[in-house]
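Protein chains: 2
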Amino acid sequence: MKYETCFKDSLAFIEKKLQKALRARERSPAIIHKAMQYAAFTGGKRFRPVLTLAACEACGGKPQDAIAGALAIEMIHTYSLVHDDLPALDNDDMRRGHPTCHRKFGEANAILAGDALLTLAFELLTEAQPEEKAIRLVREVALAAGVHGMIGGQVADLAGESRKKSLKEHLYISRCKTGQLIRVSALAGALSAGASPRQVRAITHYGECLGLAFQVVDDLLDKDGFCDVMSPRAAAGKAARLIGQAKAVAKSFGPRAAKLNYLADFLMSRIP
Amino acid sequence: MKYETCFKDSLAFIEKKLQKALRARERSPAIIHKAMQYAAFTGGKRFRPVLTLAACEACGGKPQDAIAGALAIEMIHTYSLVHDDLPALDNDDMRRGHPTCHRKFGEANAILAGDALLTLAFELLTEAQPEEKAIRLVREVALAAGVHGMIGGQVADLAGESRKKSLKEHLYISRCKTGQLIRVSALAGALSAGASPRQVRAITHYGECLGLAFQVVDDLLDKDGFCDVMSPRAAAGKAARLIGQAKAVAKSFGPRAAKLNYLADFLMSRIP
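Protein chains in written order, with this note's numbering: chain A, 1 to 272; chain B, 1 to 272.
Keep in mind that the hints were calculated from the coordinates and are not lab data. One should not assume that every hint holds.
One copy or any two copies: either way a pair holds, since identical chains are not told apart in the list.
As the list claims (entries may be wrong) - The list that follows gives simulated cross-link-like pairs (lysine-lysine, DSS-like), each with its CA atoms no further than 25 Å apart:
| id | residue 1 | residue 2 |
| --- | --- | --- |
| 1 | 34 | 251 |
| 2 | 34 | 165 |
| 3 | 223 | 16 |
| 4 | 2 | 45 |
| 5 | 16 | 34 |
| 6 | 17 | 251 |
| 7 | 104 | 259 |
| 8 | 168 | 17 |
Kindly generate the complete structure, drawing on both the sequences and the hints.
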């Protein structure tokens with residue numbers, strides 16, 4: 001089954017709620033909303049929010065329970081792409097076949113749109129219910145997105161750009177830059193469903209395996225990163241083992257985890 | 001009495017806690033911590049966190065009750081300066097007599113250090129107790145810092161840079177860009193003290209008056225902004241009236257609001 005078919009309902013729900021969260025609001029300048037919407041609605045598989053909803057379902061929750069976390073994480077992912085594409089960072093003119101946000105709206109508006117998406121993510125998380133759940137989400141998302149997580153990985157990646165990195169460095173960068181946000185996507189779903197500590201641990205393990213595998217598969221497709229320190233065959237084997245571990249977790253949750261299992265299969269199918 | 005003398009205890013408490021919050025943590029790259037610390041400890045009057053502690057005291061709370069909010073808001077103020085100074089925005093090489101963050105650490109690290117400070121601000125707010133207070137703080141701070149607040153004002157300011165702005169535009173920009181963060185600094189103090197709704201409204205009014213006055217005084221000192229649409233005498237009168245309103249609120253809180261009153265006096269003394 002195709003990704004879009006399998007997650008049709010989740011994707012429709014995410015698009016509807018994301019549009020609502022990013023609608024232009026009275027009194028703020030139109031340009032910032034346009035830049036935020038442009039960045040958020042230009043392609044993208046919505047892998048992270050789909051994962052959040054899937055993890056919530058696996059723990060017995062409903063999509064509505066997890067949507068605040070799902071949208072917040074997608075906004076943080078979006079902001080990170082907008083800032084990564086800037087001339088001072090990756091200097092990319094195109095993303096997903098369209099001009100990058102700063103090429104379309106100028107650098108200043110792209111920087112501010114990224115800042116606004118990050119800020120809005122935390123505003124959204126406060127809508128989660130009850131309050132102790134909301135505050136746990138804010139904390140986990142901030143930790144995953146900050147200097148110990150996504151930003152830390154990005155900084156380490158930039159710092160090592162001009163030289164050959166070791167396998168250990170690639171693992172650190174991938175676990176932080178890509179892995180932490182995917183881990184917290186799964187975790188946010190479990191927390192939103194009111195999962196038990198044992199379920200939360202299992203879902204976290206699923207997210208960690210999937211997150212690292214995601215980066216290994218990306219590097220295989222782009223022929224960089226892990227491919228600089230491993231043969232393609234070894235990298236493919238590593239990705240397959242990690243995805244196998246994720247599938248074992250999904251299996252332990254029974255039929256409610258069908259979507260978690262499918263997300264793992266989807267990633268497996270991308271291994272070249 | 002000098003500002004530094006009057007707020008000696010608050011300033012010492014803020015520095016100690018800010019240093020602790022920004023200490024380098026294991027496993028993250030050193031450069032990002034250095035850039036964050038450099039931005040946070042290069043001069044600065046700590047007007048916003050001092051205001052948060054003063055508003056908390058006026059409502060019967062202790063410094064410890066309000067420190068999470070105070071530090072979070074100072075971090076957001078700091079990140080906004082780091083991003084504002086970037087070449088794509090104000091393109092400033094110097095701030096407070098030192099090279100700006102991007103001149104010292106490069107543009108990429110300055111962008112990421114700003115992102116990290118914003119993210120860390122929300123992580124810190126989750127330490128406020130109890131949880132319903134923490135979530136209210138996250139919400140209010142996100143709203144004040146986002147597209148309806150600080151970022152919205154910054155975008156409007158940039159959009160109108162090349163032409164003469166009306167008084168109405170100056171008011172909108174100042175209320176958003178400067179005013180909202182000062183308003184929420186006061187509000188965070190009141191909320192942290194567990195203030196009554198009536199006290200929260202009064203403190204919010206104090207913060208709004210002080211926030212707008214702050215920008216008018218800044219424009220008077222820099223001979224720009226409001227001075228483009230008002231005579232210096234009219235702008236000074238406007239600032240003095242706003243500060244007078246803030247002082248009236250402080251008076252209504254009695255002797256516990258001595259510091260709120262002093263902050264208003266301090267601003268009044270800066271009117272040239």
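Residue 223 and residue 16: within-copy, between-copy, both or neither at 25 Å Cα: This pair counts as neither: shortest intra-copy Cα distance 35 Å, inter-copy 47 Å.
One pair to classify: residue 34 and residue 165, alpha carbons no more than 25 Å apart. Within, between, both, or neither? between (38 Å within a copy, 22 Å between copies)
Between residue 17 and residue 251, at a C-alpha cutoff of 25 Å, which is it: within one copy, between copies, both, or neither? Neither way: residue 17 and residue 251 sit 30 Å apart in one copy and 46 Å across, limit 25 Å.
Treating 25 Å as the Cα threshold, decide for residue 34 and residue 251: within, between, both or neither. Answer is neither; intra-copy 42 Å and inter-copy 45 Å both fail.
Intra- versus inter-copy proximity for residue 45 and residue 2 (alpha-carbon distance at most 25 Å): Within one copy only: 12 Å inside, 57 Å across.
Intra- versus inter-copy proximity for residue 259 and residue 104 (alpha-carbon distance at most 25 Å): Neither, since 36 Å and 47 Å both go past 25 Å.
At most 25 Å between C-alpha atoms: does residue 16 with residue 34 qualify within a copy, between copies, both, or neither? So residue 16 and residue 34 pass the 25 Å test inside one copy only (17 Å; across, 41 Å).
Check residue 168 against residue 17 for me: Cα-Cα at most 25 Å, and say if that holds within a copy, between copies, both or neither. neither (39 Å within a copy, 34 Å between copies)
The structure fails hints 1, 3, 6, 7, 8 (numbered hints given earlier, in ascending order).
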